[in-house]
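K.L.:
Let chain A serve as the given structure and place chain B on it in line with the hints.
Here the protein sequences come in this chain order: A and B. Counted from 1, the first sequence has number 43 at position 44 by numbering that gives the first Met the number 0; the numbering is strictly sequential. Counted from 1, the second sequence has number 80 at position 81 by numbering that gives the first Met the number 0; the numbering is strictly sequential.
Some hints could be false.
As the list claims (entries may be wrong) - Below, a sample of chain B positions facing chain A; criterion: calculated Cβ distance under 8 Å:
id, residue
1, Val60
2, Phe62
3, Asp66
4, Val274
5, Pro289
To be verified - Some chain A residues flagged as far from chain B (calculated, every beta-carbon gap over 10 Å):
id, residue
6, Lys37
7, Gly45
8, Lys171
9, Glu181
10, His188
11, Lys204
12, Asn227
Calculated directly from the structure, the hints in this document are not laboratory data. Given the structure is predicted, the values throughout are model-derived calculations rather than measurements. Idealized CB from N, CA, C, for every residue including glycine.
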Amino acid sequence: MNLQIIDMAHVSLRELNTTLQKPGDASEATNWEVINSKGSHAIAVGLDAPIDVTIKGSTGYYCAGMNKQATIRVKGSAGPGVAENMMSGTVIIDGDASQYAGATGHGGLLVIKGNASSRCGISMKGIDIVVHGNIGHMSAFMAQSGNLVVLGDAGDALGDSLYEARLFVRGKVKSLGADCVEKEMRPEHIAILKDLLARSGADAKPEEFKRYGSARQLYNFHIDNASNY
Amino acid sequence: MCGIVGLFIKDPSLRPELGSMLTDMLITMSDRGPDSAGIAIYGVDTDNRTKITVQSNAPEVEFAGLDSDLGDAISGPVSMRINDTHAVLEMSDDIAAAAREALAEIRPSLRIMSAGDIIEIYKEVGLPKDVAARFQLSQMGGSHGIGHTRMATESAVTTMGAHPFSTGPDQCLVHNGSLSNHNSLRRKLIRNGMVFETDNDSEVAAAYLTDKMRQGCNLGEAMEASLQDLDGFFTFVIGTKAGFGVLRDPIACKPAVMAETAQYVAFGSEYRALVNLPGIDAARVWEPEPATVYFWEH
Numbered sequence: 000m001n002l003q004i005i006d007m008a009h010v011s012l013r014e015l016n017t018t019l020q021k022p023g024d025a026s027e028a029t030n031w032e033v034i035n036s037k038g039s040h041a042i043a044v045g046l047d048a049p050i051d052v053t054i055k056g057s058t059g060y061y062c063a064g065m066n067k068q069a070t071i072r073v074k075g076s077a078g079p080g081v082a083e084n085m086m087s088g089t090v091i092i093d094g095d096a097s098q099y100a101g102a103t104g105h106g107g108l109l110v111i112k113g114n115a116s117s118r119c120g121i122s123m124k125g126i127d128i129v130v131h132g133n134i135g136h137m138s139a140f141m142a143q144s145g146n147l148v149v150l151g152d153a154g155d156a157l158g159d160s161l162y163e164a165r166l167f168v169r170g171k172v173k174s175l176g177a178d179c180v181e182k183e184m185r186p187e188h189i190a191i192l193k194d195l196l197a198r199s200g201a202d203a204k205p206e207e208f209k210r211y212g213s214a215r216q217l218y219n220f221h222i223d224n225a226s227n228y
Numbered sequence: 000m001c002g003i004v005g006l007f008i009k010d011p012s013l014r015p016e017l018g019s020m021l022t023d024m025l026i027t028m029s030d031r032g033p034d035s036a037g038i039a040i041y042g043v044d045t046d047n048r049t050k051i052t053v054q055s056n057a058p059e060v061e062f063a064g065l066d067s068d069l070g071d072a073i074s075g076p077v078s079m080r081i082n083d084t085h086a087v088l089e090m091s092d093d094i095a096a097a098a099r100e101a102l103a104e105i106r107p108s109l110r111i112m113s114a115g116d117i118i119e120i121y122k123e124v125g126l127p128k129d130v131a132a133r134f135q136l137s138q139m140g141g142s143h144g145i146g147h148t149r150m151a152t153e154s155a156v157t158t159m160g161a162h163p164f165s166t167g168p169d170q171c172l173v174h175n176g177s178l179s180n181h182n183s184l185r186r187k188l189i190r191n192g193m194v195f196e197t198d199n200d201s202e203v204a205a206a207y208l209t210d211k212m213r214q215g216c217n218l219g220e221a222m223e224a225s226l227q228d229l230d231g232f233f234t235f236v237i238g239t240k241a242g243f244g245v246l247r248d249p250i251a252c253k254p255a256v257m258a259e260t261a262q263y264v265a266f267g268s269e270y271r272a273l274v275n276l277p278g279i280d281a282a283r284v285w286e287p288e289p290a291t292v293y294f295w296e297h
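Isolated chain A (complex conformation) (with noise of 0.2 Å):
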């Protein structure tokens, strides 16, 4: 295992994000811990590495933005931005995530095992996201692919201007955006479920979930509408 724990009570962010970001050999450490994060800013950015980091505490902005490869966890709530742009990899927040979780993600799974608040996973591009409890108004917002998978209830707004991403939601949705409908659940979107479900730790059935889509009504200029511009 060779764990090793850096204390930003000692350590630069700076230093604590070089030492991550080294590539790493067999010889070094794979398992780190990060303590005294005390909500700071970008902590574990950039890694590029199958390392497994753990930060005991919550963090501040930006938390493990565009991760690859490494697997992050968070023993406490994340900061706006959390995972954002993350290509690859595994990032996990046991408490609450803030606004914009998981923005822009294009891999990797994220994890938020309590509630996220607004726009959780805009512009998502291939990420997958599961949270456990409830998300915030103008979630999904231009998302263009991946899966949102929501245990809990979905804010206003949910999915507005979509492309292709799927969303999942157990409880309840407050609004859909424009051009975000329910779909039919098939039994490919079960099976997505099912894996996501389990790789994050979520008790849950895929039956229990409703589908949101695109209705793909916003992709082309309608020429109707050409006098109101």
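P.N.:
This is chain B only, laid out in the frame that chain A set:
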């Protein structure tokens, strides 16, 4: 971008620590607002006494003999506590209105920061740590307080442009965001008799709430109404004699975190501002909902 901190003390034994806790929170928010800082402290209520906090750019000259000059002008005793560029004048309630008028006569260049039974506002241009040090904010006690670190976007970097803004007795407001309809709203409020010291958008929000409360709304109702009438981005923390309120606009892109324990309710623009509070690890920590009125009163 700006930083906001707020603390509402529930456990009276923490009251002497209000200033030191708020100062630590305020300094943590320096990089959200390094150009000016301010704090409103709600301290001890002395029966039938009013406090007027004034600011001067030439305190040596203008505060000299101010208590006796003002006392002579309004025929009543006035006490004065000087704190750097600010001074807190205290007099009995029945002569407080006359005192405000007299101040404009005898010291026309003094600026009134706040007036009320318990509120004191201290604000200046400069790094939050320097502003906190010059007023010895950490030494102050009280039941609740609000602090602000400013990064100006809508108006000049001046003492009067710093937050908190106080537009009514024991009332104050701090703001992170920007309002887009403040000019038209200011004109309406002027017609209702409100007086403005600056071109600042946040002062309009403060005056809006004061105006609503003058019309008979309580704080909650005034905050509810502001969701209809204010256009723009805001996270507000609002102080009154009894407590404080929190309000975010419906889009809620300006950050806010709250924490509550048996001892206090705390507000921070970021969680970083709260990390040194006692018992924070066991506190209930949450993000206030958009377009939702929160307030706590003693």
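K.L.:
Are the hints correct? Go through all of them and say.
P.N.:
Here is what the structure says about each hint:
Hint on Val60/B is violated. Least Cβ distance to chain A is approximately 44 Å, over the 8 Å limit. Taking 8 Å as the C-beta contact cut-off toward chain A, the hint placing Phe62/B at the interface is violated, the least distance being around 40 Å. Of the supplied interface hints, the one on Asp66/B is violated, with its beta-carbon coming no nearer than about 45 Å to a beta-carbon of chain A, more than 8 Å. Taking 8 Å as the C-beta contact cut-off toward chain A, the hint placing Val274/B at the interface holds, the least distance being around 4 Å.
A least Cβ separation of about 7 Å between Pro289/B and chain A falls short of the 8 Å threshold, and the interface hint therefore holds. At roughly 4 Å from the closest C-beta of chain B, the C-beta of Lys37/A falls inside 10 Å, breaking its exclusion from the interface. Separation of Gly45/A from chain B is adequate, the least Cβ-Cβ distance of about 21 Å exceeding the 10 Å criterion. No beta-carbon of chain B comes within 10 Å of the beta-carbon of Lys171/A; the shortest separation is about 15 Å.
For Glu181/A, the shortest C-beta to C-beta distance to chain B comes to about 24 Å, beyond the 10 Å cut-off, and the non-interface label holds. The beta carbon of His188/A is kept farther than 10 Å from every beta carbon of chain B, the shortest such distance being approximately 31 Å. At roughly 29 Å, the least C-beta separation between Lys204/A and chain B is larger than 10 Å, which holds for a residue marked as non-interface. Every CB of chain B lies more than 10 Å from the CB of Asn227/A, the least distance being 23 Å, so the non-interface label holds.
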